[in-house]
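Engineer: Required output: the full structure, derived from the provided sequences and hints.
Chain order of the listed sequences is A and B.
By numbering that gives the first Met the number 0, the letter at position 636 of the first sequence is numbered 635, and the numbering carries on one by one without gaps.
By numbering that gives the first Met the number 0, the letter at position 2 of the second sequence is numbered 1, and the numbering carries on one by one without gaps.
Some clues are possibly wrong.
[Unchecked claim] A few chain B residues that don't get close to chain A, going by computed Cβ distances all over 12 Å:
no., residue
1, G27
2, G75
3, R78
4, R84
5, P87
6, R91
7, K99
8, V104
9, G108
10, E112
[To be verified] Distance condition first, Cα-Cα at most 27 Å in a straight line; then the derived DSSO-like pairs of lysine-lysine:
no., chain 1, residue 1, chain 2, residue 2
11, A, K285, A, K202
12, A, K677, A, K666
13, B, K36, A, K60
14, B, K63, A, K60
15, A, K675, A, K332
16, B, K81, A, K60
17, A, K528, A, K614
18, B, K63, B, K90
19, A, K767, A, K711
20, A, K60, B, K69
21, A, K711, A, K676
22, A, K614, A, K332
[As the list claims (entries may be wrong)] Derived Cβ-Cβ restraints for the label pairs, each shown as a range:
no., chain 1, residue 1, chain 2, residue 2, range
23, A, L354, B, G64, 50 to 60 Å
24, A, E31, B, G27, 18 to 28 Å
25, A, R396, B, E79, 37 to 47 Å
26, B, E49, A, L81, 24 to 34 Å
FYI, nobody ran anything at the bench for these hints, they're computed from the structure.
Just so it is clear, CB atoms sit at the ideal spot from N, CA and C, and this is done for glycine as well.
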Amino acid sequence: MGMWRRLDSWFSWYRRQARNTELARELRDHLELEAEEQRDAGLTPQEAASAAHRALGNTLKIEEDVRAAWGLQWLETLTQDLRYALRMLRKSPGFTAVAILTLALGIGANTAIFSSAYSILLRPLSYRDSNRLVAVTVLPPGAVSDGAELSLPAIDKIKSRTRVFDEVIAVDSQVYRLTGSGAPEMLGTGIVSGDYFQVLGVKPLRGRTILPSDAQPSSPHVAVLSYSFWQKHFRGDPAIVGKQIDLVDAYGPSAAPGPYTIIGISPVSFLSPGYGWDYDIWIPQKPQRDDYPTLGGGIFAVGRLRPGVSVEEANHQLRALSSALAEQYRWNKGWELHAQLLQEMIVHKSRLALLVLLGAVGFLLLIACVNVSNLCLTRAWGRLREIAVREALGATRLRVVRQLLTETLLLALLGCAFGLFLGYLGIDVLRADAPERTPRVNEIGLYAPVFWYALGVSVLAGLAFGLGPALQVSARNLLDVLKGCRTILPLANAKRRPARYANLLIVLEVALSVVLLVGSVLMIRSFDKLISVPLGFRTDHILSMSVLLDPSACKQQTQCDAVFDQMLVRVRALPGVQSAALGGYPPLEGGGTFTPVFFEGDPPLAPGQVGPETKEISVGPSYFSLLGIPMLQGRDFTLSDSQNAPPVAIVNQAFARKFLSGENAEKHFWLGGIDKKKHPVGLAVIGTVSDTRDNNPAQAATPEIYTPFAQKRDFLSNSAYLLVRTAIDPDALAPVIRDRIWTVSKNAPIGDVQTMDQIAARAVAEPKFQTLLLASFAALGLLLAVVGIYGVISYSVSQRTHEIGVRLALGAERKHILQFVVGNAMLLTLAGIAIGVVSSFALTRFLRSLLFEVKPTDPLSFIGVTFLFSLVALAACYVPARRAMRVDPMVALRYE
Amino acid sequence: MQSDDTQRKLELMQGTLDMLILRTLVLGPAHGHEIAKHIQRTTEDVLQVEHGSLYPALHRLERKGWVSAKWETPKGGKREFKYYRLTPAGKRQLTAEHSKWRRLVASIGRVMEPAKEG
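Structural biologist: Encoded structure:
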């Protein structure tokens with residue numbers, strides 16, 4: 000087949016060559032015969048020969064027409080044009096390099112951002128039939144999104160009482176402790192339903208995955224390791240499959256670690272679907288008695304819709320099930336099961352930022368196109384004579400446009416190739432520097448659609464920047480050009496079309512660049528506000544780490560607390576340590592639980608009704624002083640606020656304002672879980688601290704109540720976060736502190752070691768990244784725009800050296816020449832700025848939800864950009880204008 | 000544009016040249032120059048056949064299979080010329096073109112000179 004095609008193409012080439020020589024012979028014969036006839040009619044041989052030529056016409060054109068008759072014209076034209084285009088590009092390497100580089104920047108940025116957008120938003124999740132996978136959650140009364148995870152009974156009910164799912168899989172996120180081999184470690188553990196891996200279509204890297212038979216009550220304990228944990232902990236040892244490890248539920252009541260057999264390793268790229276949990280290990284969920292019939296329960300469920308069933312239909316049945324369950328168990332009232340496409344759930348929060356970035360790189364590419372268009376126009380002007388000669392020799396306008404377009408398309412394709420390479424590098428940077436919790440960041444890559452997108456964009460760009468100049472120059476008046484008339488005076492005479500076109504390009508370029516700048520300045524201002532907003536606590540010189548005590552060492556809370564207290568005493572005694580405190584979580588790490596607040600005399604809640612809630616944070620003594628949170632009133636917790644002492648609390652200002660003012664001021668109140676009979680006087684508020692932004696720097700303080708760590712009410716608490724304030728670099732102290740902790744509780748797993756500064760930086764990593772990207776695109780756009788303005792003005796000045804010389808010779812002042820050139824350029828710039836500002840007004844509202852305390856129409860940003868851009872543009876045209884001013888009239892005139 | 004037109008004698012209607020070439024070849028094989036001269040002479044130089052347009056037309060006809068071409072030495076000649084001759088398909092095409100043309104001329108005539116026709 001391939002052989003035959005090669006033969007055939009060789010053959011057709013051979014035929015074509017033969018036909019060409021034949022035709023040449025035929026035409027030569029014709030000329031000779033005609034000349035002979037003319038000689039017979041009495042003309043001299045020379046006259047006869049030229050008469051014959053006149054009668055026949057342009058032989059080249061005939062040859063082309065004949066070739067067209069054989070239908071190969073387009074191909075030959077293309078190869079001819081391509082060869083010519085290559086030659087032309089080689090002849091002016093400077094132009095070629097600048098044009099390709101400009102395009103490559105635009106296309107590279109587009110490739111990188113589009114591949115992110117495609118890989119995250121559009122590309123199906125890498126699970127089997129992932130377009131039918133939905134996340135099933137339960138929405139609390141009144142909520143419409145961000146549902147809570149389910150309970151096992153709820154999942155059973157969904158399986159047995161709805162008919163919309165083929166399968167429903169579940170994963171329960173727990174922390175297990177790995178003991179035995181080396182330092183104790185806490186493992187992110189996914190307890191999965193038996194069909195979990197099968198439903199997701201995961202093929203193991205080694206061994207096998209968990210099967211339904213592993214989830215039987217009597218089947219032996221098995222575990223699947225994640226690839227990264229296998230690499231990290233077992234150094235990728237393949238012999239580990241089949242071996243046993245000791246695992247135990249880190250917070251669970253059962254203290255005895257059980258042996259688990261490792262049956263397999265997950266593939267490199269596998270990520271459990273969900274909120275971005277990175278599991279180290281998966282073990283099967285065995286049936287357990289769990290009759291607690293609430294819908295919510297901390298288990299992430301994924302269902303596969305039956306073929307043909309829509310998400311709406313699934314939700315319809317889930318709603319019906321929810322109401323049925325609410326009748327059966329009244330505390331489910333108002334809670335509603337809810338299905339959402341899995342992909343949508345995972346990526347929807349990234350959509351806006353990606354679309355904004357996609358828009359930004361689109362603008363950047365347009366600016367790049369305008370610049371290259373300018374370059375092409377300049378070059379085409381330089382080739383006017385060549386083009387005129389071609390047209391005089393019989394080339395049609397279409398033919399000339401085609402030739403010029405071939406050249407620009409070739410440029411575009413070269414730019415595309417180079418741009419893809421830049422994009423490839425850009426993707427690496429994006430993957431490495433993207434904020435930690437960006438979904439699917441590891442899946443970003445150059446997939447086929449990205450390639451087609453880049454190619455399509457390049458061809459469009461080639462047409463966009465090539466068509467204008469090609470049409471412009473091919474429409475010139477031939478005679479004027481051939482006579483050497485200098486028709487090209489951009490800016491000099493706005494009525495001339497090429498000048499008008501160049502002016503239009505400047506205006507367009509400025510407008511595009513202004514939109515980009517306004518967007519990025521808004522983001523920068525917003526980010527600046529975000530990082531300068533007072534958090535209400537200090538972040539420097541503070542180290543945070545989680546500590547987990549062996550449950551067998553503390554059977555009761557008081558025993559655990561004693562261990563923790565001893566730990567604090569020893570850590571505080573370390574040189575370099577200023578203070579240490581316990582907390583449920585460090586600030587900004589999403590800690591705290593929502594607890595109902597009851598006031599004396601409140602009517603009991605009806606089923607499904609949610610009363611007032613507050614965020615409750617459990618902290619140990621000196622937590623506030625360590626973090627520098629001012630105590631406005633009252634006292635801190637002390638060691639005597641223990642498990643058996645009367646319950647006490649410290650509140651923040653927001654809590655005091657909302658709950659402790661007005662008629663509530665004198666009332667007793669209780670939190671959920673505090674026994675009203677045991678503590679008839681309720682909770683004693685012993686102090687007020689100032690508000691902090693411990694949820695998120697962008698979020699103002701909500702009502703918060705702090706309770707002593709030692710008075711935790713729910714279950715045995717053998718884990719805590721240890722905060723340490725240091726006089727020296729906190730990172731350097733981390734290993735010392737760890738060793739000190741181990742002197743108290745041998746081999747207690749210690750995790751999450753990080754400084755408060757790192758935590759605070761992570762809290763703003765996402766806006767920082769977005770701002771950085773947008774700002775670099777805007778800076779690139781500004782640079783291109785300035786280069787563009789500079790280029791056009793320089794060229795126009797160089798074209799008008801003669802005119803300026805004449806003016807100067809006639810007595811024009813140099814100052815006026817400067818004013819004239821700068822004035823003209825600034826007029827265009829200001830027009831562009833005006834258009835850009837108006838467009839920005841229309842566009843920046845899409846940024847609204849990305850902005851913090853900055854309005855999309857923030858006047859300062861708009862004015863700032865206008866001012867900045869005018870200044871930069873002024874500089875860009877001042878340089879060529881000075882050159883114009885310094886023209887020596889004599890030299891300029893001698894040119895002619 | 001206008002001045003150009005008046006200088007020309009009569010421009011061929013699109014597609015007519017093909018018919019004229021086919022008609023010329025009914026008389027026997029001919030090479031390009033002969034065909035051009037024949038058309039020019041028989042129309043008494045009223046129809047201006049641009050020699051240049053003749054060759055693309057010949058090749059078009061050759062590609063369609065209505066004429067065939069062969070390099071031959073004419074009787075008594077010393078060198079080869081590329082001779083075109085009508086193929087059977089070309090003859091059929093000529094007949095079709097001819098009758099179409101006849102109908103066209105007749106109907107145009109009825110419009111332009113109704114008295115004569117009546």
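Engineer: Decide, hint by hint, whether the structure agrees.
Structural biologist: Hint by hint, here is what the structure shows:
1. G27: holds, 17 Å
2. G75: At about 15 Å from chain A, G75(B) clears the 12 Å cut-off, so the statement holds.
3. R78: The claim is violated: R78(B) sits with its nearest Cβ about 8 Å from chain A, within 12 Å.
4. R84: holds, 15 Å
5. P87: Non-interface label stands for P87(B): nearest chain A Cβ at 21 Å, farther than 12 Å.
6. R91: holds, 21 Å
7. K99: holds, 22 Å
8. V104: holds, 28 Å
9. G108: holds, 33 Å
10. E112: Non-interface label on E112(B) holds, nearest chain A Cβ at 35 Å vs cutoff 12 Å.
11. K285(A) - K202(A): OK: K285(A) and K202(A) at ~22 Å, within 27 Å.
12. K677(A) - K666(A): Roughly 17 Å between the alpha carbons, so the hint for K677(A) and K666(A) holds.
13. K36(B) - K60(A): holds, 21 Å
14. K63(B) - K60(A): holds, 21 Å
15. K675(A) - K332(A): holds, 25 Å
16. K81(B) - K60(A): Distance ~20 Å between K81(B) and K60(A) Cα, so the pair holds.
17. K528(A) - K614(A): Measuring from Cα to Cα gives roughly 26 Å; hence the hint holds.
18. K63(B) - K90(B): Roughly 13 Å between the alpha carbons, so the hint for K63(B) and K90(B) holds.
19. K767(A) - K711(A): Roughly 37 Å separates the two Cα atoms, so the pair is violated.
20. K60(A) - K69(B): Within the cut-off at roughly 24 Å; holds.
21. K711(A) - K676(A): Roughly 18 Å separates the two Cα atoms, so the pair holds.
22. K614(A) - K332(A): holds, 23 Å
23. L354(A) - G64(B): 50 to 60 Å: holds, 58 Å
24. E31(A) - G27(B): 18 to 28 Å: holds, 22 Å
25. R396(A) - E79(B): 37 to 47 Å: holds, 40 Å
26. E49(B) - L81(A): 24 to 34 Å: 31 Å Cβ-Cβ, so the 24 to 34 Å window holds.
Hints 3, 19, counting from the list given before, are not met by this structure.
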